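For reference, the chains in residue letters:
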Amino acid sequence: MSPDPADNRFARDPELAQLHEALTRPGDADDHDASEAGADERAAATLLPALGASMLSPTVRRYVTELLIGGENPTPATRQKLVEAANRGLRNRRANRAALPALLAFKRAEANIQVTELADALQVSAEDVYDMESGKLNVRHLDAERIAKWVRTVRADPAVAVGALRHVLELSATSRSPQAAGRRRTGQLSDTDQRLIDEVATLLDDVES
Amino acid sequence: MDDEDLIQAAREGKEHAGPFLVSLYAPMLLGYARGLASDLGDSACEQICECAVERAVRKIDLYDPTKGDFAGWARSMLRYVALDYRRDNARLQSIDGLDLAEPKAQSSREIPGGVTAALTEVVGQLSEPDQAILALREIEQLPSQTVAALLGISDAAVRQRYSRARQRLVRIAQNDQRLTSFLRGGPA
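Taken in sequence, the protein lines are chains A and B. Residues 1 to 209 (our numbering) make up the first sequence, in order. Residues 1001 to 1188 (our numbering) make up the second sequence, in order.
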């Protein structure tokens, strides 16, 4: 196969056109001396996996992207599947930024765990689970052990869950100093809230390690 | 909406980011999946693409624009998904008693910062055509036939250019004292 003279993919960018021409020029690969033939294969095997895109010149990076950008247009059905995949990713991102009840409700749905199953695991009623997930039941009324169990049962990421717990406690902080009352800032955590976060983090850490 | 706005919208989990991202990058990812994993068939390629899109959105915080463009980063997500798919598939096949070749795995060796800096300089000493052929074969992990089709040259020509680019990379690296220990398999 020889280069197509009508190949005008890079017509708008002379730098890329020049690189493409150099790369596809016939016979250009043969004009190097034979002393290179004995290159150390072991060194190559060490070096090559360490290569990364950030090591390439900006022109080469652009060239590779331009070369691969065309691809193929998805059928409507495939496009729909890809949009749904992107939306799943976005929903996951939103959940990870949410307060703990919303995060854990999302994770339960994602893991396809029934309310009754979660209720059994936590030894509470199904109504309690709904109240916990909707935020109707204040998370402060749960002990650290139960929160950690909730996180583990729905298979939420411990670090994300601890962040989400902090988030919900800050949102509903009641211990803001009178000086802070007029300011628009996140509520400060009481010692009790901080202790709850630390205990949950420790319990989740214990399971992780 | 430019790329930066779109990536920011995805970071914030905004709903409109999904269809836009798919419109911009799905054709590239589908084409890339077919080039990377043509042996797996159309349905697997689409499945890989789907997982890659979801993973790219979930992990979009990890994208660092100083290290390359978003398209390249999205392709790296697809490579990981394709590798996972092959691993899972190989496991299933081995359960069935079939003997499958192990897929080429990404390096799990930790690359020290000093080595990355030295290697970046070494790569910078290569000509741009050498860098491009190494990028397509090694970084993008495309088979030589796919590269040949993309470039419009023969498979033999791709193999020859790639082999020579590799040799030149090794020769320059071997003359760099900062890489001596790394090339011997030790710490940098």
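These are calculated hints, taken from the structure and not from any lab test. There may be inaccurate statements among the hints.
[Said to hold, decoys possible] List time: in silico SDA-like cross-link candidates among lysine to any residue, alpha-carbon distance up to 20 Å: (1) B:K1014 to A:R62; (2) A:K81 to B:K1067; (3) A:K81 to B:C1051; (4) A:K81 to B:F1020; (5) B:K1059 to A:R91; (6) B:K1059 to A:D128; (7) B:K1067 to A:R62; (8) B:K1014 to A:N73; (9) B:K1059 to A:R88; (10) B:K1014 to A:R97; (11) B:K1059 to A:R155; (12) B:K1059 to B:L1024; (13) B:K1014 to A:F106; (14) A:K81 to B:P1019; (15) B:K1067 to B:P1019; (16) B:K1059 to A:A111; (17) A:K81 to B:Y1085; (18) A:K81 to B:E1121; (19) B:K1059 to A:N87; (20) B:K1059 to A:R62.
[What the hints assert, rightly or not] Covered stretches of chain A (chain B as the covering partner; in silico rule of three or more C-beta atoms under 8 Å from a C-beta of chain B): (21) 65 to 74; (22) 85 to 93.
This structure is a prediction, so every number in the text was calculated from the model and none was measured. Glycine residues also receive a C-beta, built at the ideal position from the N, C-alpha and C atoms.
For each hint, the structure was consulted:
no.: 1; hint: B:K1014 to A:R62; result: 28 Å, violated
no.: 2; hint: A:K81 to B:K1067; result: 29 Å, violated
no.: 3; hint: A:K81 to B:C1051; result: 10 Å, holds
no.: 4; hint: A:K81 to B:F1020; result: 14 Å, holds
no.: 5; hint: B:K1059 to A:R91; result: 12 Å, holds
no.: 6; hint: B:K1059 to A:D128; result: 33 Å, violated
no.: 7; hint: B:K1067 to A:R62; result: 13 Å, holds
no.: 8; hint: B:K1014 to A:N73; result: 24 Å, violated
no.: 9; hint: B:K1059 to A:R88; result: 12 Å, holds
no.: 10; hint: B:K1014 to A:R97; result: 12 Å, holds
no.: 11; hint: B:K1059 to A:R155; result: 18 Å, holds
no.: 12; hint: B:K1059 to B:L1024; result: 18 Å, holds
no.: 13; hint: B:K1014 to A:F106; result: 16 Å, holds
no.: 14; hint: A:K81 to B:P1019; result: 11 Å, holds
no.: 15; hint: B:K1067 to B:P1019; result: 25 Å, violated
no.: 16; hint: B:K1059 to A:A111; result: 19 Å, holds
no.: 17; hint: A:K81 to B:Y1085; result: 18 Å, holds
no.: 18; hint: A:K81 to B:E1121; result: 42 Å, violated
no.: 19; hint: B:K1059 to A:N87; result: 13 Å, holds
no.: 20; hint: B:K1059 to A:R62; result: 23 Å, violated
no.: 21; hint: 65 to 74; result: holds (count 9)
no.: 22; hint: 85 to 93; result: holds (count 9)
Violated hints for the displayed structure, listed by number in ascending order: 1, 2, 6, 8, 15, 18, 20.
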